[in-house]
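Asker: Fit chain Z to the supplied structure of chain H, relying on the hints for placement.
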Amino acid sequence: MLKIENLHASVEDKAILRGINLEVKAGEVHAIMGPNGSGKSTLASVIAGKEEYEVTEGDITFNGEDIHELAAEERAHKGVFLSFQYPVEIPGVSVTNFMKTAINETRKAKGLEDMPAKDMLKLIREKSELLEIDRKFLSRSLNEGFSGGEKKRNEIFQMAMLEPKLAILDETDSGLDIDALRIVANGVNKLKSKDNAVIVITHYQRLLDYIVPDFVHVLYNGRIVKSGGKELAHELEEKGYDWIKEEVNA
Amino acid sequence: MNKYTEDDLREELKTKEYEYGFYTDIESDTFPVGLNEDIVRAISHRKEEPEWMTEWRLEAFRAWEKMIEPEWANVHYTKPDFQAISYYSAPNSKPKYNSLDEVDPELLATFAKLGISLDEQKKLSGVAMDVVVDSVSVATTFKKTLGEKGIIFCSISEALREHPDLVKKYIGTVVPQKDNFYAALNSAVFSDGSFCYIPKGVKCPMELSTYFRINQAGTGQFERTLVIADEGSYVSYLEGCTAPSRDENQLHAAVVELIALDDAEIKYSTVQNWYPGNAEGKGGVFNFVTKRGLCEKNAKISWTQVETGSAVTWKYPSCVLKGDNSVGEFYSIAVTNNYQQADTGTKMIHLGKNTKSTIISKGISAGKSQNSYRGLVKISPNADNARNFSQCDSLLMGNECGAHTFPYIEAKNKSAKIEHEATTSKIGEDQIFYCNQRGIDTEKAIALIVNGFSKEVLNKLPMEFAVEAQKLLEISLEGSVG
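These protein sequence lines are chains H and Z, in that order. Start counting the first sequence at 1; every next residue gets the next number (the UniProt record's numbering). Start counting the second sequence at 1; every next residue gets the next number (the UniProt record's numbering).
Hints were generated in silico from the structure; no laboratory data involved. The model shown is predicted, which means the values in this text are computed figures rather than measured ones. Worth double-checking, as some hints may not be accurate.
Just the calculated beta-carbon pair ranges, DEER-fashion [what the hints assert, rightly or not]: (1) H:E12 to Z:E456: 55 to 63 Å; (2) Z:N385 to H:N189: 58 to 66 Å; (3) H:S227 to Z:E421: 52 to 60 Å; (4) H:E129 to Z:G150: 51 to 59 Å.
All residues carry an ideal CB built from backbone N, CA and C; glycine is no exception.
Chain Z with its partners taken away, still in its complex shape:
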């Protein structure tokens, strides 16, 4: 038979390269490998940080030295050698650009390859954007428009210089320095990230967006994001990530802190497409991320994530529902293929009265990958009438992958109502044939079925992101039905 079979597809997938796997030759200022107090001081110094910040970092570093890398997640990998990583790498064009014209043309070409022309972004889409390459923020667009509303959107380094009081007041309040191994490491060495402050009562008129990319070999990326929505304000924040294809593993250990004050709302969307390693499981990014949000009274935080990349993902965007009537949401699609491993989920910590949380998790596993949902719903004694609804659906492709669900529930208040639903399904030959018979080829059929499966989460993404996310799902899963 000359027909294009699933085997052909599988073969094509194996040889299909990661689309964003190019490396840009930009001169970089990269620190020697290794980590000690001097390196931490040097990072802080290089970024011209205030003294308290240097101390804050050192405190984190000292704590980190005594901590042990966690092993409870359902993932297996060779632990990174933390002394073999360079903790600071910056594209070598200093000082920071005042306009895009000053940006290294090579870097601009990189953005073009990624399909993000900053100029276009600026003019057309109305998305304000911060771009972090390796460790340093290279461009923040739209600053002026936002400034008129009193919105601060800049790199965290800049925030430390221009708005030190705001940073000092909130950094580490949601994810303390010693929260966990990777958060402590990040607190000690983070080199950049985004900062955002929305003043009281202001609805941010556009989506804010940060784009992360690891470029240099042998570097880790440790960005720190801090978003503060003051009383009654609203912001929708987008985050996208890619990295070049490399044989060695690269480390990404980010921390994101969200603070939603009374009546504020933060919507945080991520499309994560770090290099997942090749078809044999060589290379790829270790994505060890701590994301957490704090809700004050009547506040709301929504996490939406589409995770298709990384060799290993360890990530639990969480909500601390401190204020009465606050709402936490978590919508997730996690796709694993080949040898990828993902252990991801959320924590909903109900502290206030009448707090509500919703968890919708969609795990899609293909190849030889392992995909775990891990979630905690905790209702504290004072959280009267707390509500939670959780739904965890797994879709399997082929016979060599795994889907796991670890839902933890701790309810210490009798009035709590907690619902948990879980399903596991498999893309069947019958579904594929049904689509084929209607003129839809196998590749398109898988895309259709996966999109249907993920629809509830895709619907939560802002429009322009949803399209990209759908495309990513298709690319990540082509030919993976066995």
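This is chain H alone, in the form it adopts within the complex:
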């Protein structure tokens, strides 16, 4: 589904990604771990198509198509979703209105008519139940005054609404208490299928107890320096990142 080869990217002429190779197939869950500043969030932004990041070398293909020249919204239309680490506020725009716009813009890009209001309401009801979201919450302004947990739950709600092929969860666990973490993780697990894939970016192994990865990659200094199964995450939890750094620098 997603294939990244020798990806180099920089922001304001500062190289952050220095040769990433990663392949994610449908039905898989990949975890990307690594110390602060290793390039995890940059990788997420580059896949999603954030303009400030310049791809200087390498390829990103999504379902066989080179996407690195596509605008962020075009990638979204093809099924790339990013759950933000710090979701922004949009005052005066309700969660419902935002989702309605997002869904209809995506449909428009595919040459489809707007989703009928009745279907939209039904979809919203289904997905908000899945994530145990109070309906009142949906009429509030997007992320305005939301607690950390509400913001993250709202991100996963949007993911549920948009049904992406590839979901990248950037530090979705940060700021969540254990109950919220469980709800969010359950939501993600229910949305998982053999046709879609998830990339979980996280510092800690905690989230991976709930969303169990097929592969774990360690990102350090803009490169994936180690890959393994879910046991790698446990090892990192136990030993920290220093031994990895030593291995790399040796």
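Answerer: Relative to the frame of chain H, chain Z by itself:
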């Protein structure tokens, strides 16, 4: 990258033409340029006005001659040469039409271009409408339906002929002839406008609407609107404006007077889209308008305005809360782009006891424009327990525009409660990317963010106007994020 960038958008915006910038070739009866007592008399004569009205105009003219154009507003422009303007221009099909069939087909085509078919208006929307092209009222629809309720809705010229006593009693009572430079000019030379009277206890069953358009080159538009809501009555009044794209500046100096007698309510909504000038700041309408309403006991006046047009806007729809328990409201969205300048706001003058006012102002600046809110809340010594709440929010796009807030507060009564809140924000790259990531392109994202920002005011507009206003906001701001 082949992607559609903000630079492309900006480029498109620069070359995007003002949608309403066409000129209609209608034969016009236009006065020679210049202004003196003879011109004032000639206007009055041409309109077959009573003698007192001619005198009233001359009084205004004499006062105007001694006045100086105000300079305190935060706007910069080359002052108009008042002797280079023609003060009267009328579409040349006289006498006034009895039915729409008699209207010049060219003019009807103009309305079609503007998306207002009078016929449609008549049949479908239930909006009674008066259309003022250049200076003269060309069509008032729905008169009969309104007449059955005793509602008078006609051009002010007609009102001067048919209902001179009502006009004489109220004109100039809220905005006196000598109120300010532009109001004095308007009082001397106004050529038409709308008049509306709602009798005691009558709730006007439909929205009343006036549509203004400047068509001729080198003319000014000076319309005068007078709305009187008698005791216990209610009316919702809409006003829309456009003008052709022209390289020279055109002057629009209107006066609107609202009178809400005891227990009456007037809701006055404006969507102003006069030609704003081109991307280099050439041309555009100077919009110097005096709007004021007077509230008697328990009366309420709401001003709602969406201001997207004009090169320079100078406008402060105000409420004089004379009667006890009266209420004044001001809801405003002012959008400036390119080289537009707006200095707009309101005055809430609390005279009566337990009077209440609310001010919600949303300023959106883009390009190299300057957008100022200027407001006065005045609590007089007798206005016990007066309340005011003001909220002024500014949204900036790019780094070359400006937003300014000048709130003045004069409280002379200790029981007054006045609250003022102000915020300034900027549309961030992060907000845009967030929307992009959800499949919403940049243009749509800006529209979404701006609509969210303006929501409290848009909600105050009557339904059919709100849709138009949203569209206008989108057109005015396309591609303006930098």
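Asker: None of the hints should be skipped; say for each whether it holds.
Answerer: Going through the hints against the structure:
no.	hint	in the structure
1	H:E12 to Z:E456: 55 to 63 Å	violated, 38 Å
2	Z:N385 to H:N189: 58 to 66 Å	holds, 59 Å
3	H:S227 to Z:E421: 52 to 60 Å	holds, 53 Å
4	H:E129 to Z:G150: 51 to 59 Å	holds, 56 Å
The structure fails to meet hint 1 from the earlier list, while all remaining hints are met.
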